[in-house]
Amino acid sequence: MEILFFYLVAGVAIISAFFVVKCRNPINSALNLVTTFLCLAVFYVMLESPFMAAIQIIVYAGAIMVLIIFVIMLLNFGQTINGRYTHGVAAAGVVSVLLMLVATQLVRSGDATGTGGPVTSALIADVGHTELIGRALFLDFVLPFEIAGVLLLIAIVGALIIAKQKV
Amino acid sequence: MVMTPEVLTLSNTPVLFTVAMLLKIAVAFVVMLLIVAYATYAERKIIGRMQTRMGPTMTGPKGLLQPIADGLKLFFKEDMTPSQAHPFAFALAPMMLLAPAFVAIAVVPFGGDLHFTYDGVLYVVPMQITDLNIGVLFILAMAGLGVYGIVLAGLASNSKYALLGGIRSTAQMISYELAAGLSIVAIFMLSETLSLRGIVLAQQGPLWGIEALKYIPNWYIFSQPLAFGLFLVASMAEINRTPFDLPEAETELVSGFCTEYSSMKYALFFMAEYANMITISAITATIFLGGWSGPFYGWINFLLKVFAFMFFFIWIRATFPRLRYDQLMHMGWKVMLPLALANIVFTGIAVLLWQ
Numbered sequence: 001m002e003i004l005f006f007y008l009v010a011g012v013a014i015i016s017a018f019f020v021v022k023c024r025n026p027i028n029s030a031l032n033l034v035t036t037f038l039c040l041a042v043f044y045v046m047l048e049s050p051f052m053a054a055i056q057i058i059v060y061a062g063a064i065m066v067l068i069i070f071v072i073m074l075l076n077f078g079q080t081i082n083g084r085y086t087h088g089v090a091a092a093g094v095v096s097v098l099l100m101l102v103a104t105q106l107v108r109s110g111d112a113t114g115t116g117g118p119v120t121s122a123l124i125a126d127v128g129h130t131e132l133i134g135r136a137l138f139l140d141f142v143l144p145f146e147i148a149g150v151l152l153l154i155a156i157v158g159a160l161i162i163a164k165q166k167v
Numbered sequence: 001m002v003m004t005p006e007v008l009t010l011s012n013t014p015v016l017f018t019v020a021m022l023l024k025i026a027v028a029f030v031v032m033l034l035i036v037a038y039a040t041y042a043e044r045k046i047i048g049r050m051q052t053r054m055g056p057t058m059t060g061p062k063g064l065l066q067p068i069a070d071g072l073k074l075f076f077k078e079d080m081t082p083s084q085a086h087p088f089a090f091a092l093a094p095m096m097l098l099a100p101a102f103v104a105i106a107v108v109p110f111g112g113d114l115h116f117t118y119d120g121v122l123y124v125v126p127m128q129i130t131d132l133n134i135g136v137l138f139i140l141a142m143a144g145l146g147v148y149g150i151v152l153a154g155l156a157s158n159s160k161y162a163l164l165g166g167i168r169s170t171a172q173m174i175s176y177e178l179a180a181g182l183s184i185v186a187i188f189m190l191s192e193t194l195s196l197r198g199i200v201l202a203q204q205g206p207l208w209g210i211e212a213l214k215y216i217p218n219w220y221i222f223s224q225p226l227a228f229g230l231f232l233v234a235s236m237a238e239i240n241r242t243p244f245d246l247p248e249a250e251t252e253l254v255s256g257f258c259t260e261y262s263s264m265k266y267a268l269f270f271m272a273e274y275a276n277m278i279t280i281s282a283i284t285a286t287i288f289l290g291g292w293s294g295p296f297y298g299w300i301n302f303l304l305k306v307f308a309f310m311f312f313f314i315w316i317r318a319t320f321p322r323l324r325y326d327q328l329m330h331m332g333w334k335v336m337l338p339l340a341l342a343n344i345v346f347t348g349i350a351v352l353l354w355q
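Heads up: the protein sequence lines correspond to chains W and D, in order.
Numbering follows the numbering used here, with no gaps: position 12 of the first sequence is 12.
Numbering follows the numbering used here, with no gaps: position 352 of the second sequence is 352.
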């Protein structure tokens, strides 16, 4: 049952990802990308990480893609591209097939050790996924977390200064 | 003989569980649709009374059949798609707006536990479609997806009014989503859970656990009045209700993002507006007003709170004029966001001190 559901969602994810590249209209591409993100969120739920799924939808589908569509809208970029681009599609196809071969090679080259990590399904069911992530972020990895926060702040201030410049 | 109640799950009784689940979904969906239909009637009646008019009176007794007549009229109107529109995105937009509003209600608990005996075993059914342990995040995610409906409507119509309405609404929804999300972070710090059921259960008992205050319930509206106000205003802005209805400002943008829509697609936009109103009312009642707890039986309390909030939204619409666009952005980013952040900091200090 779960395997069937997985293949269904995986199929949708792959088809929509294909259409992101193939669509001639940027809006349709963006919509297909949203579908791909939603499928990824379903995978996170199936991997017992509901917090990641929610964040995936809130951040990627709810904020980043809306910004991308916003830019398409503001730049009036919503027209269909009429030129043919068969070469690009062919080249991208060859590259992706090669990447897939490399990835399968990598996955198959190692042996499964059979040892489990500290985070197990029982622990997630007992403590909760959100609590586990919160503890890891704010207790175990608080320094990297703070450094990332400061870096993001610097990036925001930098972006503001560049955007506010009189050209 | 005292029986230990057993929670109905898919593993212990698959058939009974499926039936109960389908029943809960059907009841929640039908009730929500009915409230949507009669919210339009209530809105016209209440605003009419507030402006010393009668509101609809002609269709049925006291105009009670007006929503049905409106629905039938819209259903039989010609469904047009402008020749310059993107057909797929144009048809998708109203659905993208309506679906998240209905899906979000799935995690809202509308009553306490229901007990019943079947085959000699006492079963417990929670009156909630599903209790996710990330319930509030799920609602925020659905609210984020709701933006697509309006954006796509504005973009796919290929009309300047629709485009302007869409741009305004996107900016507005992104700004206020942040304020709404941040304002309820303070609630999680008090409840220590993201599950809506857990939040309701944390609001039982007397205020702050003090026995002398036992007539005042421990609702988060008393612990977090600022968060309550921020969340209510930000959600009102997020669902484009007056005084934040700039995306469909009639005086300047014809009808905003839904200018090019007709027939049932247009009706779907209106249904989405009221469905969003119900969802927001239900969530506010759950998070700040103790959900189903109160003097009456479970779901009656809950429905009363939802109706009170809807009346409040309609009242606001009859009272306030529309904001200007720069005022709206100023309020969202420079007033509500800092207030929400300050509220989080103060709540954090208070929680640390009292623990």
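Take these hints with a grain of salt, some might be off.
Said to hold, decoys possible - Label pairs and their computed distance ranges (CB to CB):
hint	chain 1	residue 1	chain 2	residue 2	range
1	W	Val89	D	Ser11	35 to 41 Å
2	D	Lys77	W	Tyr7	54 to 60 Å
3	W	Asp126	D	Ile47	49 to 55 Å
4	D	Ile47	W	Ala125	46 to 52 Å
5	W	Leu160	D	Arg324	20 to 26 Å
6	W	Val59	D	Val19	52 to 58 Å
7	D	Val19	W	Glu131	30 to 36 Å
8	W	Leu143	D	Met264	37 to 43 Å
9	W	Asp126	D	Val30	52 to 58 Å
10	W	Val59	D	Ala91	35 to 41 Å
11	D	Val19	W	Ile3	22 to 28 Å
Claimed, not checked - Derived list of chain D stretches under chain W, where covered just means 3 residues or more per stretch with a C-beta under 8 Å from a C-beta of chain W:
hint	region
12	137 to 149
13	161 to 169
14	200 to 207
15	224 to 234
16	324 to 336
Said to hold, decoys possible - Simulated crosslink set (DSSO-like; lysine-lysine; CA at most 30 Å straight-line):
hint	chain 1	residue 1	chain 2	residue 2
17	D	Lys77	D	Lys62
18	D	Lys160	D	Lys77
19	W	Lys164	D	Lys334
20	D	Lys73	D	Lys265
21	W	Lys22	D	Lys160
22	D	Lys160	D	Lys73
23	D	Lys334	D	Lys24
24	D	Lys160	W	Lys164
25	D	Lys265	W	Lys22
26	D	Lys73	D	Lys62
27	D	Lys265	D	Lys62
Calculated from the structure, these hints are not laboratory results.
Model, not experiment: these values are computed from the prediction.
Beta carbons: idealized from backbone N, C-alpha and C, even for Gly.
Status of each hint after checking the structure:
Hint check: Val89/W to Ser11/D, Cβ distance near 48 Å, so the stated range 35 to 41 Å is violated. Look at Lys77/D against Tyr7/W: about 42 Å separates their beta carbons, and that is not inside 54 to 60 Å. Taken as a hint, the range 49 to 55 Å holds for the pair Asp126/W and Ile47/D, whose Cβ atoms sit roughly 52 Å apart. Checked against the given bound of 46 to 52 Å, the beta carbons of Ile47/D and Ala125/W, roughly 50 Å apart, stay inside it.
Under the hint 20 to 26 Å, the C-beta atoms of Leu160/W and Arg324/D, about 24 Å apart, fit the expected range. The hinted window of 52 to 58 Å between Val59/W and Val19/D is violated, with their beta carbons roughly 37 Å apart. For the pair Val19/D and Glu131/W, the supplied restraint of 30 to 36 Å holds, since their beta-carbon distance comes to about 34 Å. Between Leu143/W and Met264/D the Cβ separation comes to about 56 Å, which falls outside the hinted range of 37 to 43 Å.
Taking 52 to 58 Å as the suggested C-beta distance range, the pair Asp126/W and Val30/D does not conform, at roughly 37 Å. The supplied range of 35 to 41 Å is broken by Val59/W and Ala91/D, whose beta-carbon atoms lie about 28 Å from each other. Remark: the range hint 22 to 28 Å for Val19/D to Ile3/W is upheld by a beta-carbon distance near 26 Å. With a cut-off of 8 Å between beta carbons, the region 137 to 149 of chain D has 9 residues touching chain W; three or more are needed, and the interface restraint holds.
With 3 residues carrying a beta carbon less than 8 Å from a beta carbon of chain W, the region 161 to 169 of chain D meets the three-residue requirement, and the given coverage holds. With 0 residues carrying a beta carbon less than 8 Å from a beta carbon of chain W, the region 200 to 207 of chain D misses the three-residue requirement, and the given coverage is violated. With a cut-off of 8 Å between beta carbons, the region 224 to 234 of chain D has 0 residues touching chain W; three or more are needed, and the interface restraint is violated. Remark: the region 324 to 336 of chain D is not confirmed as covered by chain W, as 0 of its residues place a Cβ nearer than 8 Å to a Cβ of that chain, below the required three.
Under the criterion of a C-alpha separation no larger than 30 Å, the hint pairing Lys77/D with Lys62/D is consistent with the structure, at around 26 Å. The hinted pair formed by Lys160/D and Lys77/D meets the criterion: a straight-line CA distance of about 24 Å does not exceed 30 Å. Of the pairs offered as hints, the one joining Lys164/W and Lys334/D holds, with about 17 Å between alpha carbons and a cut-off of 30 Å not exceeded. At roughly 13 Å between alpha-carbon atoms, Lys73/D and Lys265/D fall within 30 Å of each other, so this suggested pair holds.
In summary, the hint linking Lys22/W to Lys160/D is supported, as the alpha carbons are separated by about 28 Å, within the 30 Å threshold. As the CA atoms of Lys160/D and Lys73/D are separated by approximately 28 Å, the hinted pair is consistent with the 30 Å bound. The suggested pairing of Lys334/D with Lys24/D is violated, with an alpha-carbon distance near 42 Å, which exceeds 30 Å. Taking the CA atoms of Lys160/D and Lys164/W, the gap is near 28 Å; set against the 30 Å cutoff, the hint holds.
Annotation: proposed proximity of Lys265/D to Lys22/W holds, straight-line Cα distance about 28 Å (limit 30 Å). With a CA separation close to 19 Å, the supplied pair Lys73/D and Lys62/D stays within the 30 Å bound. Under the criterion of a C-alpha separation no larger than 30 Å, the hint pairing Lys265/D with Lys62/D is consistent with the structure, at around 28 Å.
When held up to the earlier numbered hints, the structure conflicts with 1, 2, 6, 8, 9, 10, 14, 15, 16, 23 and fits the remainder.
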